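Novice: Residue numbers (this note's numbering), protein chains in the order written: chain F, 1 to 614; chain C, 615 to 1228.
I should point out that these hints are in silico values taken from the structure, not numbers from a laboratory. A quick note: this is a predicted structure, and the numbers were derived from the prediction, not measured. Errors might be hidden in some of the hints.
Unchecked claim - Covered stretches of chain C, going by a simulated chain F footprint (3 or more residues, C-beta under 8 Å):
#1 670-677
#2 713-726
#3 1217-1223
Even for Gly, the Cβ is constructed at its ideal location relative to N, Cα and C.
One letter stands for each residue in the lines below.
There are 2 protein chains.
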Amino acid sequence: MHRTHTCGELTKANIGQEITLSGWVANRRDHGWVIFIDLRDRYGITQTVFDPADNKEAWELADKFRGEYVVKLTWIVKPRMEWQTNSNLPTWDIEIKITKAELLMESKTPPFEINDHVEANEEVRLKHRYLDLRRKSVQDNIIFRAKMNRFTHNWFSDNGFLEVQTPIFTVSSPEWARDYVIPSRLQPGQFYALPQSPQQYKQLLMIGWIDKYYQIAPCFRDEDPRADRHSCEFYQIDVEMSFVEQDDIFKVAEWFVNDLIPGIVPEKHIYTPEIPAWVKSVIGRDWKTGNRFIQLTHKESQTFYGSDKPDLRFDMHFEDFTADFNKSEFSVFKDAVDNGGCVKAMKMDGVNMSRKDIDEVTEVARWGWAKWLAYIIYDEEGPRSPILKYFSESEIKALETRFSPKSGDMIFFWAGSFKAVVKSMNVVRLALRDKFNLADKNAVTFAWVTDFPMFELDKETGKIDFEHNPFSMPHGWVTAFDNPNVEEIYGMQYDMSCNGYEILSGSIRNHNLKALTKAMEMVGKSEEDVKRKFGAIYNAFQYGVPPHGWFAFGFDRIMMILTNEENIRAIYAFPKSGKAEDTMMCAPSYIESEQLEELHIDIRPEIKEELGME
Amino acid sequence: MHRTHTCGELTKANIGQEITLSGWVANRRDHGWVIFIDLRDRYGITQTVFDPADNKEAWELADKFRGEYVVKLTWIVKPRMEWQTNSNLPTWDIEIKITKAELLMESKTPPFEINDHVEANEEVRLKHRYLDLRRKSVQDNIIFRAKMNRFTHNWFSDNGFLEVQTPIFTVSSPEWARDYVIPSRLQPGQFYALPQSPQQYKQLLMIGWIDKYYQIAPCFRDEDPRADRHSCEFYQIDVEMSFVEQDDIFKVAEWFVNDLIPGIVPEKHIYTPEIPAWVKSVIGRDWKTGNRFIQLTHKESQTFYGSDKPDLRFDMHFEDFTADFNKSEFSVFKDAVDNGGCVKAMKMDGVNMSRKDIDEVTEVARWGWAKWLAYIIYDEEGPRSPILKYFSESEIKALETRFSPKSGDMIFFWAGSFKAVVKSMNVVRLALRDKFNLADKNAVTFAWVTDFPMFELDKETGKIDFEHNPFSMPHGWVTAFDNPNVEEIYGMQYDMSCNGYEILSGSIRNHNLKALTKAMEMVGKSEEDVKRKFGAIYNAFQYGVPPHGWFAFGFDRIMMILTNEENIRAIYAFPKSGKAEDTMMCAPSYIESEQLEELHIDIRPEIKEELGME
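Taking the hints into account, I'd like the entire structure generated from these sequences.
Specialist: Put into structure tokens, the structure is as follows:
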């Protein structure tokens, strides 16, 4: 028997017991004759003492112990005298008089210190991930992932969803992202593909009466590495439901996160802001009912926050002043309006920006495709700004009517094309958030962004392509496709944003084969193409397909938000590097030529030459 | 809103409510004016009635309904008059007077009847799996899998195991089974491999302090299709633990299945037979303690049941009579003994075998590599057998002492080399089990088979190879490798059998790098080979590796046993065919030449030529 307890659980309650601990030597201190060894494992640290007067043999062995050695110690727990108690360690109120010590395994000195306070180079840490795993912050994330997995499984099962594991070996559909493919040994020249998502399978489940499906699904896309996307594989909480309309789906997703946050991160709270005064007058409707999440259309989200994933923990929406400044003496505003562009502004409440701050934010605005940043500062003496001299009284009034600025507030201005303006405003809004802590870090704010455009039109070529998922039903159903202005065909297609990230996508499916074929034809695909590319769906849709819809939460993205991590690699036990490599395992790697032969493939001659193969 | 209830839940309690159901038309009967439509979904069937006197419009629409149409019906539930009640359907005690009917989607006539009583061709069913999924037996298995997944997740989490999802993209190690590989786009000429199991990662987790790991792990092996092994991917309940000895691991695995069976299949019961009288005298020890599972060494299991996965729901063990028959007048026995072989027998209790039965079993024995089958039948007048005349009185006595045969019993004999004899006896034993129902179908009997040989020796070439997992610790630890008789080096390596199937494998790991290198050297691999092939393990083992061990349950195998399925395809939602194909999705398939180019690979010229490509 290697242990009776872990290193984190001994307390006064164990007094009188003979206990055995196995663990790793955290550190070792010699106080004259006496040797102190801190033994640790993932549960905690237990401090032990070796006194030659107690046990000479154990003491001699302990003299050989070094950091990260694996050792096994046995003793009878006795109460510690008061003056020795160190209240920092919860297990440190007992006396240790070792009766038996054993060295289980030695260790070389690790290439970096196993300690959360020490910042080691990421490359070294990934190469030795098995040591990095010993750091508390890394373990905490692994534990968090397990907890979130479990919560998710139980929540969906409890609520009548059936977990179905869809195949990992499937067929290539390269029109979306790039597929990872696997050469088949048994079918020469053919390839399996790993699923980019379980989409087709889960639609087939609906046809097969599995009306409430879920899965924590591994997804595989051969995309270029990015900081917020794990290379090779990533996970989504994948749901499909039959006999539902958009709001039925919204309710399930809201209900899930409403339970998830208190369930696994009680230190965070869901914050759904009350409807601000401007909403009804500017948007023309309230944007939520009761305790439900905010709903913005894609267009509204772009107009008021310049993003399809707005961070709504704080307001700072964009107001439009195009009509107010159409006769501006300030040429930048005037020119923008004359050229069909817009003038927009947003207000930041009660922050004193220094000259340096303003310069920094101006830099950000430049990155965000604006040439410059105009602003008005309100202080006790009223507004001041380099551009104030250009403003007429009525223009100032328009501003003040809408923003009601107080001393300490600032108003920022943009002018130009709609796209460029809102893009830059979004970047500046988020930069100000981060710089001045405008958003509560422990608040989690969800919002629906709905009505994504189905198509995008290349104005130069006139070519139409899908903007998002072609399998979505348009608002207005089948007849919506008759709209000659294709950019105004909106899908029953939605995202959920959370604190400025997109954490969910979904749609009501187009379950009418004729309408689906019509949608495909609009982007230049024939019915034959549909049959060939989506044969299973094409066939299955002829046998009684129910109305159905879906959503998928980005598991990794939610986990990043809830653990305050900014790097996707922090939330995987064995992450791929920024180059999609596993440097510890040396994956990918070259394989034997016999393997290639058996798979009926070969490396291209030009690559072989480059690599000096053969 | 598409439905207020499912088709399986309406009862008298709903009387007075307006309800809406959506579902599929199961069948339609016209009784004069009145049309009866059975509406179904995965939850049940609701019978509805359309009377033109109630609602002409609905009745006219119902007249168009055909099998598998998707329809939506609304009505107010009223009590049904007594004489109409059909007690076969739980929902059939209410009256249906349709107020609104809607046709949601039409359907072609399915290629096979959606009904468990109809046996459709498997090929057609797999091609149209989305329709096959509507059959109750298929749904039941999908539901069972979800239930077993959930039970497993909760059980291991509740007991302190941490779920870690190990990478699906890793490195090739082709010395075991064949790997599936994925060409890398970013690293020309290199390949990822899908893991045959998470072995290396979970050992690294132990070094990283994750001392109790579990995962329902997808595993990938490019093996030839087999009825009890799913092609491409399969799942195992994968566990690794630090600071454990063999029996610690046994306790966890026993504890799990002891909870699993009553937890998800209450109609089955765990049956661990009491220790039969012969065990102590013949094996020389009791084979279990208390409520624990039976433990047999690999050698014992072969000797007494001719298998490393014995079905112990019934006894019929093999007794050895080599010493008793070494002077036999029966030349077959005598010759076997003289040639260093053995004479063995087993007894079947109280079954009357006809001549035809005996002939059939003799056939089975022939398949099992025995030339013939000798037997003695005991009836009221004592023994009778064609070979009885060769038996001496002392030989008969030896038989009767050991078997105590009663009237109705039969004794079967084998003679020959040990390997051939026990192999044939095993096959006959299992055939008799199936023919005469010797094993309780609702009983589940587990047994440990331990001490597998580490190495196999090719007697002709003298070449040594690993018999099983090279990463296992031998009994006797490092010094065991000094044994010059390599076939007598036994590993701390074990299987768990259940009703004649292997459902678990595991071992205590060899965590000593020197000993591991020594093991590798014995099969002709150098330390450099170990470094190159298992670089991560080789490096990690230098930084304080704890003693550790593992087991993995075959998820699919357990599920087959518990659902009484004999075909692996029955327990997957979307199974691969016997040719490792997904005929519904057409996977694998040919891919675009641009994809091949981007991945820096090409199909071999001879295959292209064969396929007429280019």
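Novice: Hint by hint, say whether it matches the structure.
Specialist: Okay, the hints, checked on the actual structure:
no.: 1; hint: 670-677; in the structure: violated (count 0)
no.: 2; hint: 713-726; in the structure: holds (count 6)
no.: 3; hint: 1217-1223; in the structure: holds (count 4)
Checked against the numbered hints above, the structure violates only hint 1.
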